[in-house]
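There are 2 protein chains.
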Amino acid sequence: MARCLPAVPAALLLSCLPLALAMAPPADAAAPESRLLREAAELRDRALADSDAWQHAWSLTTEVGPRPAGSAGDRAAVTWALTRLADIGFDEIRPQPVEVAAWERGTAEARVVQPFPQRLTVTALGLSIGTPETGIEAPVARFESLAALEAAKPEEVRGRIVFIDERMERMRDGSGYGAAVQKRSRGPSVAAARGALALVIRSVGTSTHRFAHTGATRYEQGVRQIPAFALSNPDADLVTAQFAAGEEVRLYLYSSARNLAPTRSANVIAEIRGAERPDEIVIMAAHLDSWDLGTGAQDNATGVATLMETARFIAMMPRRPARTVRLVLYANEERGLDGSRAYTGAALQAEQRHVLGIEADGGGGLIYRFDSGVAEHAFPVIDAMREILAPLGIEGGDNTARGGADLSTLRAEGMPVLSLRHDMSAYFDLHHTANDTLDKVDPEALKQAVAAYASVVWIAANVEDDFGATVPGASD
Amino acid sequence: MARCLPAVPAALLLSCLPLALAMAPPADAAAPESRLLREAAELRDRALADSDAWQHAWSLTTEVGPRPAGSAGDRAAVTWALTRLADIGFDEIRPQPVEVAAWERGTAEARVVQPFPQRLTVTALGLSIGTPETGIEAPVARFESLAALEAAKPEEVRGRIVFIDERMERMRDGSGYGAAVQKRSRGPSVAAARGALALVIRSVGTSTHRFAHTGATRYEQGVRQIPAFALSNPDADLVTAQFAAGEEVRLYLYSSARNLAPTRSANVIAEIRGAERPDEIVIMAAHLDSWDLGTGAQDNATGVATLMETARFIAMMPRRPARTVRLVLYANEERGLDGSRAYTGAALQAEQRHVLGIEADGGGGLIYRFDSGVAEHAFPVIDAMREILAPLGIEGGDNTARGGADLSTLRAEGMPVLSLRHDMSAYFDLHHTANDTLDKVDPEALKQAVAAYASVVWIAANVEDDFGATVPGASD
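In order, the protein sequences belong to chains R and D. Numbered according to our numbering, the first sequence terminates at residue 456, and the numbering increases by one at each position without gaps. Numbered according to our numbering, the second sequence terminates at residue 456, and the numbering increases by one at each position without gaps.
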C-alpha cells in the first residue's frame, strides 16, 4: 500500500492530502463498513488539513505551565481543562476528585568535594526524601549498572554515596527507557539495603545537554529510605572523569525534598455520547499533570492537546458515533497513577463498559507505527484501520500493544487497547527536564497525530463488533 | 588549490594526510623560504596526526572547571597552567599578577506574576548589581530591540521592567553576536536613563535549549545602575506569549549579585625563546578565565588547549624559531580584559617588541578561513601561509582581521594580527551557558586547529620580514 510519509519532513504532511483523498476504501469493502471507512478517511484528511492541536498545547504550557499533582499549577490545569473542553462539543464534562501523593521538591545541590571540586547539575528524584540540613558528604562507590550494584558486596557500598552511571540508549520506540528507568525506581532501595547513604544516578535521558532528568522513584517497604538524585549526562561524565586520578572521589549532596500529606486533584472526564450504544465506551487517555521542571510540553501537553483536538473533530462529525467516546485527562500520572487507579476503581464499581482504550503519552513526534492489543476476531477491523493510517506514513505493527501507563489499570482488567507509536528518538532528550518546553513541539506532527487518533477512534466507536473482553465483565 | 576538508566531517581529517604531505611547497618557491615552508608543512602534518589538545581541555575542565576571575577556580587555573606548561618545553614560564574586577553571582530568580504565573530560567548578567532583598515586581515594557527601547518615550518605560526581546542570528562567522550583544552591554543604562527599574533580555545566544546566557554588562558612568538579567530563549518566548492575552504582564525579579573589591589573579606567560631574534615576539593569546555557569570548555579551554599543544609541537621542532614564540593565557577576559590591559601596559613599558599576534577564542569548531591584519609588504608571507593551510580545508580570507578581545589592546597600538576563523555556527548555543561542557568538544577539530596554528606561527616566527608596525615603536 502506498504511503507518502515514511521519510518526509512533517512540513510536507499536507502534500499527502490528494493521495489521502484518493485512498478512500474501495467499493468492494465489506458493505456494512464502507460508509464508515469513507467517513474515517474523510475525517483523517480534514484533521490533517485543519486541526490545530498546537493551540491547545500553547495554551496549556503558556497559561498553566508546570502542573505537578497537588500544586497550584495542577489546580489551574484542572480549571483550564474544564473551561477549554466546554468549547469542544462534548455532551458531558465533569471532574472526578482524586487523592494524590503530594511531594515538594525544595532545592537540591551537589558538588564534587575531591579530588577536583566542582558544582554539579542535579535534581532530586520525585518522591525522594531530602538529606539532613547539613547535607551528606561521603566517598562515592561508582557502578556501571544497577545489576553491578546488585552484585556488589556490602563493604563496597556501606557508608558511601552510590553512583549508578548506566546510560540510556536512544531508540525510536523509546524502549531504552524501560531498561534505564530501573535504576531510578529501584536504585534507592537496592543501594540502601547494602548500606548506602544516598543514591545518585546518571539521568534516565538521552540528552547531552546539561539538564538533569527527574521522575519518580519508589522506596521498597521495609528498606531504609535514602535521598536520591539524578545528574545530567555531562555531569555524570564529569563525576566519572574524577576517578581518572585514582583518588577517592567525594561528593556533597543536599536536598530539601519531602513527601507531604496526600492532597486533592481531579481527573477531567468529557464525553461524546454514543447515539446507538452509549453504554459502550471507547476511552482516550492522556495525563493532565506534568513534572515541575519544564512546562510539560512533550510530556504531556502534546497528548492532551492531540486528544482534545481529536475529540473536537469527532464532535464536528455530522452524526454522533454509535459508542460513547470518552476523553479522560488523568491526574498524577507522574507520581504514581493516582488518577488511573481512581478512575478504574470507580468505573469497575459502576460497571461502565470499556470496549477499547487508546492513550497519547509518547510526546509530539511523528507516529510511525500502529499496534493493537485485541482479540483475534477484531483483526479485520485492525486491518481496516491500518489502511486508513497508511497514507499518514504509519505502518502496521503487531498485536502486543499494552496501552500506556494511565490505561494500565483498565488493561489489567482485560480491556483491549490500540497504540499509535510516536517516534521517540528525541523524546528522552526533553522528557522530565526543564527543557520540555513548547518551542520543541512541531505543529505539523500534531496534525498527523490528530488525523491518526481521530480516524482510528471513529472506526472503533462505530463498528458493530467488540475488540475482545469489555471491562468490566463480558460483553452482552 | 585542492582542499580536502571543506565539507567533510572532522572525523575524516586524518584522511587529508597523504594529500597534505603531497602539498609541500614546490621547489621553485623563493629560495630563502623553501626550507621554512617545508618545515611548516611537516609540522602541520605531524600536528594533524599526533596532537592531542583535547587532553589539555579535559584536564582544565575536569580538574579545574569553572574559573571566573578572582575565584578559587581561577586561582586553581593559574596553578594548573603553571604546572602543566612546565611539561611542554618552554624556556621560561612566569605568572604576571593582575588586579581583576570581582563579582559574585549569588542567586537569581524570575517569574511571571501575571497574567499566568510561571517560573522562568534566568541568570544575572555579569557585573550586574542585585535587586533589593524583597526583589522587584513591576509591569513589563517589552521592546523588539535595543533600538526600539532607545526610541521609546520615558512614559513607556518609567517604573517598569524593560524586556528586550531581540534575537541573535546564527552565523558561521559568529557575527550575529556583535549585533545582539549591544543589548546586554548597553541595555541597562539605556533602560535606566528612561526610568526602568530593571532590565531583562532574551539571551545573547542561539540555543533553543533552556539555558540562560550570561556575559558582562557595562554601566554607563553617571547613569543609575539597575539589575540586569538574561532569560533563556524558550523563557523569552514564554514571556512574549504572556502578552497574547492583552493584559498587563508583571514579572518578579530577584538577584543577590554584587560587585566586590578588586582582587588578584594572574596572566600566565610562557615562551620559546627565539634563536636569532629573541627580542621579537610572536604572541599567541587565549584566556584562562571562564564564566562560572559551565566548565568553560568552548570558552575557552579549547583555545588554551589548542595553543598549549601548538607550543608543544613548536618546542619539539629540531631547532628553536628565529623569533620568540610567547603564549599568554590571559586573566579575566570575560569581565573586562583586566589581563589584557595589564599585559600590554607592562609590555609597552618594557618596550617588548611584538611583531605579530594570533588569538584562539572562537571555540572548538573547525577552522574554515584565514584572515590577516598586516602591512601589504607581508602579503607574500600571508600567501605562503594560505598554501600551507589549504589542505586543512581553510580558505584564504581578507586583510581586515582585528585579532580577538585579549589582543585588542596590542592591536590598538598597531600590532599586526592573524586570525584563524573557527566555524561558530554552534558556538553560541553553548557560549556563556551552563551547557558549555567538555562533551561538546570534538577532539578531531582540535587536531586541525593545532595543525593550523602551529604551521602559521612557525612561519611567522621564522620569516625575515616583519608584518608591519611592531609594538611598541617602529621596527629597527
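These are calculated hints, taken from the structure and not from any lab test. No experiment lies behind these values; they were computed from the predicted model shown. Be careful, since some hints might not be right.
To be verified - Partial list, derived from the structure: chain R residues whose beta carbon lies under 7 Å from chain D:
id, residue
1, Glu72
2, Phe96
3, Thr220
4, Ala414
5, Thr417
What the hints assert, rightly or not - Here are the computed distance ranges between Cβ atoms for each label pair:
id, chain 1, residue 1, chain 2, residue 2, range
6, R, Glu228, D, Ala241, 50 to 58 Å
7, D, Thr87, R, Glu84, 13 to 21 Å
8, D, Gly226, R, Glu84, 43 to 51 Å
9, D, Pro112, R, Met296, 40 to 48 Å
Every residue, glycine too, gets a C-beta built ideally from N, C-alpha and C.
_Phe96 (chain R) as chain D interface residue, shortest Cβ-Cβ below 7 Å_ = holds, 5 Å
_Would the hint on Thr220 (chain R) be counted as holding, given a Cβ-Cβ threshold of 7 Å to chain D?_
Not OK, violated: Thr220 (chain R) not within 7 Å of chain D, min 10 Å.
*Using the beta carbons of Gly226 (chain D) and Glu84 (chain R), state whether their distance is inside 43 to 51 Å or not.*
violated, 34 Å
*Does Ala414 (chain R) pass the interface check with chain D, least Cβ-Cβ distance below 7 Å?*
holds, 5 Å
*State, for the Cβ atoms of Glu228 (chain R) and Ala241 (chain D), whether the hinted interval 50 to 58 Å holds or is violated.*
Given range 50 to 58 Å: violated, Cβ gap about 36 Å.
_13 to 21 Å was suggested as the range; check whether the CB atoms of Thr87 (chain D) and Glu84 (chain R) agree with it._
For Thr87 (chain D) and Glu84 (chain R) the Cβ distance comes to about 19 Å; the hint holds.
*Is the hint on Thr417 (chain R) kept, meaning its closest Cβ partner in chain D is under 7 Å away?*
holds, 4 Å
*Holds or violated: is the Cβ of Glu72 (chain R) closer than 7 Å to a Cβ in chain D?*
Violated: closest Cβ of chain D sits about 28 Å from Glu72 (chain R), beyond 7 Å.
*Given the range 40 to 48 Å, decide if the beta-carbon distance of Pro112 (chain D) to Met296 (chain R) lies inside it.*
violated, 54 Å
Of the numbered hints stated above, those contradicted by the structure are hints 1, 3, 6, 8, 9, listed in ascending order.
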